[in-house]
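**Q** Chain residues, written in single-letter form:
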Amino acid sequence: MAADSSLAHIEAGLDALETSPEPERGTLRRVVASALPPIVAVVLIVAVWQALYAAKIWPDWKLPGPSQVFSSLKDAYRNGDVWPAVGHSIGHGAVGFGASVAIGTPLGLLVGRFKPVRAGIGPIMSGLQSLPSVAWVPPALMFFGPTPAMLYTVVLLGAVPSIAVGVVSGLDQVPPLYLRVGRNIGARGLASVRHVLLPAALPGYLAGLRQGWAFAWRSLLASEIIVQSAGLGHSLGFLLKNAQDTNDMAGAFAAIALILAVGVAVNQLIFVPLERHVLKARGLA
Amino acid sequence: MTATIETAARPDRTGAAQTAVRLAGVGKSFRGGATPVLDGIDLDVAPGEFVCLLGASGCGKSTLLNLVAGLDSPTTGTVEVPSGRAALMFQESALFPWLTAGQNVELALRLRGLPGRRERRVEAERLLDLVRLRGSYDKRPHQLSGGMRQRVALARALAQGGDVLLMDEPFAALDAITRDVLHEELVRLWETTGLAVVFVTHNVREAVRLGQRVVLLSSRPGRVAREWRVDIPQPRRIEDKTVADLSVEITEHLREEISRHGR
Ligand SMILES: Nc1ncnc2c1ncn2[C@@H]1O[C@H](COP(=O)(O)OP(=O)(O)O)[C@@H](O)[C@H]1O
Ligand SMILES: [Mg+2]
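Going down the list, the protein sequences come from chains A and B. Everything in the first sequence is counted per our numbering, starting at 1 for the first residue and increasing by one. Everything in the second sequence is counted per our numbering, starting at 1 for the first residue and increasing by one.
Derived by calculation from the structure, the hints in this document are not laboratory data. All C-beta atoms in this analysis are idealised placements derived from N, C-alpha and C, irrespective of residue type, glycine included. Check before you lean on any hint, since a few could be wrong.
[Unchecked claim] Here are the simulated lysine to aspartate or glutamate pairs, EDC-like style, with alpha carbons at most 16 Å apart:
| id | chain 1 | residue 1 | chain 2 | residue 2 |
| --- | --- | --- | --- | --- |
| 1 | B | K139 | B | E125 |
| 2 | B | K139 | A | D172 |
| 3 | A | K62 | A | D248 |
| 4 | B | K139 | A | D248 |
| 5 | A | K74 | A | D248 |
| 6 | A | K280 | B | E125 |
| 7 | A | K115 | A | D172 |
| 8 | A | K62 | A | E275 |
| 9 | A | K241 | A | D81 |
[Unchecked claim] Some chain A residues close to chain B (C-beta under 7 Å, calculated; not the full set):
| id | residue |
| --- | --- |
| 10 | D15 |
| 11 | E18 |
| 12 | P199 |
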C-alpha cells in the first residue's frame, strides 16, 4: 500500500532525526578524568601538610611530617601488621554490613508500605539515625563483653536505621504513575512489588546502602578503638589505639590513613560503580 | 443551558447486547469536592468503535478514563467492560526506565499470563514491529524520542491483549509533525486490530481527525453535553476541509460550554 509505505518512511525519518547516537568516551579517558581531580587534591593536602611541618610550629611528636607517616606505614607493612589488621576490620565490617542489609531492607519495606508501622517506628528510626552509634558501645560491652557480638551489635544499631531509611525514601520517591501503569498492565499485590515497586525504588535503596556502609564502618571503628581484647584480635582500631598508647603520632596518622583508604576504596570500587550503572541505564546519569 | 442533548443511534455492528464499554449513570465525587466531578454519564462504546472524548481542561476526562480502566471506582452508577480489561495510555509514555523497550512490552505479556520466555520475546518483537520499532528492542526509554516512546507504550498496550484501548491525551506533548504521523499510525493500528478506542483530548481537530464519534463533555459537573457522528471516511487528514468544518461547529459548542462558567 503506497500510503502505508510513505507513512513508514516519514516515521523512520522522524525516528532518525530525533534520536542522536550517544557519544562514547573511551574507558581510559573516563578513568583519567575521574581519577585526576582527587589525586591533585591529595597532592595539595600533602603539600600544605609538609609546609606546616617545615614551618616547625609544633614539635615532631605533635605534628609529624608526611615522610615520617609514610615510613611508619612502611614499618607496619614490613612487620606484617597492615594486611591482617585491614583484613580483620573489613571482615567484621562486611559481616556487620551484610547483616544490617538483611535486617534493614525488610524493615524499610515494612515501614514504607504500612502506615501504622511507619507512624510507630518511623520517628524512632530517624532518631536512631541521628544518635552517634558510639553511644551503644558501653551497653553492648556490658552485655556481650569484648566479643565480636558486641562489635556487630554496635554496627547493626548504626547501619540498620540508615539502610531502612534509605528503603523508605526510595519507596516514597516512586512516581505514582508507575504504580498506576503497573496496575493497569496487571501487576497486583506481590507482582506489583516485584515488577514495579522494587525496581523503581532501587536508586534510593542504593543510596541508602552506601550511607549504611559509611555508618557500619564508623560504628565498627569506634568500637574497635574503644574496646580491645585478645578475642577481637588486631584490627585497624587496635593499630590506632596502640599508637596512642605508645605516644606514636606518626603511627596514629598511618592508621587513620589506612582507615580512610578502606572507606574510600569500598565506596569507589563498589558503591559508586553500582550506582552509576543503575542510574545510567535509566538515563539519570 | 442551551445545548440540546443529542443521543446518536448506537452503531450496531455485532448485535445489540455487545458493547466494549458501558457506562450507566456514572457519577464521581472526590472527598471534599462540593460538586461532583462527573454526573450521570451514560456512554456506550461498541466493539471496534473509535470514540473521542472532548472537553475543557479539568472537566473530568482523565477521571472518566480511570474509572473505565478500573483504577478508581465510581461514586454512583456502573462501569462495565465486558471483556475484562482495558489498556490505558497516558500523555507521558510511562514506560519503566529500568527496562528496555522490548522488556516493557514483555512485562505486559508476562503479567497477562502468556507462558514461555521465548514466546514472549517473539510476541514482543512482533508488537514492536507493528508500531515500526523493530530495531529498538534493546533501547532504553530515555534513548528514544517522545514519539517513539508513545509507540512503545502503544505496543505495550496491545500486549495487554484486551479489546479496549483508552488513551488520555497521548499525543499532547508531541510536536505537530510527530503528532500528525502518530494519528496516521493509530488509525492504521485501529483498523488492523479492531480495538475499541476511547481517545481523550481537548483538541477539537484531533478529535474530528480520529474519531467515528465525538462526545463533548460539559464541566462541573462533567456530563455528556452533546455528541457528533463523524462520517468523513478515513484516511482523513487534520488539514482536510471537512475536518475543519466540523471542528468549527464543535468548537462553537465547546466555547459555549466553557463560557457558561464565566457568567
Ligand atoms: N484524586 C482526586 N482528588 C480530588 N480531586 C480530583 C482528583 N482527581 C481529579 N480531581 C478533580 O477532578 C476534576 C477533573 O480532573 P481530571 O479528570 O483530571 O480533568 P481532565 O482530565 O478533564 O483535565 C478536577 O477539578 C480535579 O481537580
Ligand atoms: Mg486529564
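**Q** Checking each numbered hint in turn, tell me which of them this model violates, lowest number first.
**A** 2, 4, 6, 8
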